[in-house]
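2 protein chains.
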Amino acid sequence: MTLPRSGVPAPKLFDTDLNPNILKAKYAVRGRIPAKAEELRKQLIKDPGSLPFKKIINANIGNPQQLDQKPLTFYRRVLALLEDPELIENEEIVNCFPSDVVLRAKKILDATGSVGAYSHSQGVPYVCQSIANYISRRDGYPSNPEDIFLTAGASTAVKYIIDLLSLGPKTGFLIPIPQYPLYTATIALNNTHALPYYLNEDDDWSIDSSELIRVIEDAIAQGIKPRCLVVINPGNPTGAVLKKDSIVKLLDVAAKYGTFIIADEVYQENVYKGEFISVKKVLRELQATDKTGYYDNVQMASLHSTSKGLSGECGQRGGYMELVGINSSVKTQLTKLTSISLCGPVISQALMSLMVNPPKPGEPSYELDHQQRQKVFNDLSTRAHTLYTAFNEMEGVSCRNPMGAMYCFPRFDLPGGAFKAAEKAGLSPDVFYCERLLLETGICTVAGSGFGQAPETWHVRTTFLPPGTDWINYWKVFHADFMKKYR
Amino acid sequence: MTLPRSGVPAPKLFDTDLNPNILKAKYAVRGRIPAKAEELRKQLIKDPGSLPFKKIINANIGNPQQLDQKPLTFYRRVLALLEDPELIENEEIVNCFPSDVVLRAKKILDATGSVGAYSHSQGVPYVCQSIANYISRRDGYPSNPEDIFLTAGASTAVKYIIDLLSLGPKTGFLIPIPQYPLYTATIALNNTHALPYYLNEDDDWSIDSSELIRVIEDAIAQGIKPRCLVVINPGNPTGAVLKKDSIVKLLDVAAKYGTFIIADEVYQENVYKGEFISVKKVLRELQATDKTGYYDNVQMASLHSTSKGLSGECGQRGGYMELVGINSSVKTQLTKLTSISLCGPVISQALMSLMVNPPKPGEPSYELDHQQRQKVFNDLSTRAHTLYTAFNEMEGVSCRNPMGAMYCFPRFDLPGGAFKAAEKAGLSPDVFYCERLLLETGICTVAGSGFGQAPETWHVRTTFLPPGTDWINYWKVFHADFMKKYR
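Residue numbers (UniProt numbering), protein chains in the order written: chain A, 1 to 487; chain B, 1 to 487.
By construction, these hints were calculated from the structure, which means they are not laboratory data.
You can't tell identical chains apart in this list, so a pair holds if it fits in one copy or across any two.
Think about it this way: if two alpha-carbon atoms lie no more than 30 Å apart in a straight line, the pair counts; the simulated DSSO-like pairs of lysine-lysine are:
no., residue 1, residue 2
1, K26, K225
2, K375, K107
3, K24, K170
4, K107, K70
5, K54, K485
6, K106, K70
7, K46, K331
8, K54, K336
9, K244, K225
10, K225, K24
11, K106, K375
12, K24, K336
13, K485, K55
Okay, chain A solo, but in the shape it has when bound (with noise of 0.2 Å):
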């Protein structure tokens, strides 16, 4: 049987045609203002006296290899040979590398077999059990390599659990405001309910209870259950690190009311000023002296990612989440899920077992690889401290000291002029403020709208990763010149 080949063909899809959820949602890191400067900055490549600047210089994306930052030598060289084991079998070749490295490589190599092959779903069981090792001695609680899952970057790990804990629109996740745009995204794609809950910008973004409380108990009211609690920190876009109170603030609230915690600690090596205290330390400590059990179902997935840190691997796409407190049905269920994309790639998972394990003093590539970190944290430091200074020195901006991951969020009280410029563009005043900045400058931020902030209130993203300090120069001066113009 043939189809007659006759009357009307069925017309072609349009967006409105697609899953309303994916409509929904919004990713404003590669958004608006990001997509204008990709247009500008093909415009330079053809014609590049058009703008006023000469290259658009990118603070939108946590992407330190796109910018100066140069991969760790260690990483590159035991992944060399992952990727081309015959090297190990070349004397020439092997000579030109400390004998760390290729021990490591080897290693790996043993354990992992071919990066080629498909790893089991959970990961290779050599990289879970480094981790777990790491996390025993970060925290000084034991850690079980049963409960690692390695994941593509820690977005994918995010998008798991908010999958599983996703039951149609009563489901609500409690997020920080400002947050990182992946969750809402990720709650969008789900048909489920972001619950914003306010960090306290004034205290370094602390966390409050009553606020935590506030958004529960509304959202009981309103019928929704809030069934998760995310928590971001180091903070993104704050960059402000939790204190050990606000920690046990959150574990209050999962105990009481059976919030499934999210604890995105992604930027865990990037502290410059206070202590990184993982939420699962704090858990440990309160389930050591509560001798009521009181924080026994606590149930939890901590992320971190070969993207951030020292490392700024991004491109690589490593990540990995660990388990605390869960059912094993529970676990059942995100093994399958996982399961369906098969497995993280391998060398990214043969990259975060080398992350949690450096080398140690005393092996050949530790001075080396020592001195690297040190520069790298050194520069973000630096460049951090620098760029809170020039936005405290600004009219009408206020920054709170990033003491944490790759970014600033000041806020601007801007002029009257520039509120009634964006409504006549038809922009919220601060993505018409990155815009101005963009078109002006050739700098490309994220608008606080992107991220969440409190009513009435006007922010920008920055990362302190672009090289150098002119740009931040070019910034104050189009800053006086824009609340000159639109005072």
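Got chain A; can you put chain B on it based on the hints?
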């Protein structure tokens, strides 16, 4: 404000508290039989003499490098230089590499920058261009790099398209039976409908128009909109290669009903008999000859992967999709969706660029690369034939000649006693057969019910990847015993 630590803490989640779509989803390739095999593998390590076989033979998954397939040297040399570009600066090392390896690595580094940086969400433009060139050569019709999206394996591309087209439970996806379970799993995750159409086993698993129309009209009568039609060519698990007339039938249906085509063409290099013709090529031919514009609205995505073919680089997670005939507003939504996951692994994008542009005759790496490809091809082709012959010699077994992919999908007419024993064990007859096969020989396969099969027919999917022929002999002996026992 602090929360009083009193009262009963909230209970933990059970699987019944999770997303019901995840509970429903099944993924047999890593399901019951492979899970049992993993247990046995661990038992063999602890107690090698405790089972009637010495090792597990993984014929359940198309994972060539887990078995004896070696990675192609050219690929891995280039990837090693991309992971550690400092090697290019080292004269001693660089002299060990053929010059085209070094040139290619430099070219990719120029185009990509560090493989540790996020790329554009759609992929590195240079890689998109290489793929478009490949498709243009393959089909004789132009391909536009703007229509290429790099993904983490083809699985991620499948997920993007199915997510995009899912508008709740009234959405239908036509899937071939048997199918690769990624499709039913992803459809279940979206709470949409799989609309199974049966392939014609007796005619080498060809496609019937009447079957497609029956399924579509039935769905429409039930209020389900058939929005998408999946075709897997070469077939998984069937090993079939579609003839042009089967593809024309698909396109006729797509034109008439406006069903988006997912052309899963990841096995396009694995063709041992017949010829691979891409769905896009047939579409372009029809569009060129039909002057009425009947095919002008056909929309499709063609998927490819670094995991299969002669590359077998599963663990690297490389893939692409080419969009054809899509409205720009739809592409905008897809771009947003991909941007939420940031980008595919950049090293796997580079690998994809090598796969679509291997060394050419006359280039220094050509001879070795060509020999290695020939060996992989011949090994696959020989084992396919050996397995096919073995099955057709077994009592009650019939198997179509595997023309492509990496699988045989023989049909088993099982004796009455097997049905009774299966019922007693609470298993379907095919799962019972696979479990006995595993327990007695260590051969791990997947039962036909994991892929779907015509009612009252029973199949087993086996890859033809495990090396040697011993395992095929074990299977023969097992089968003869099984038939005797359950006659």
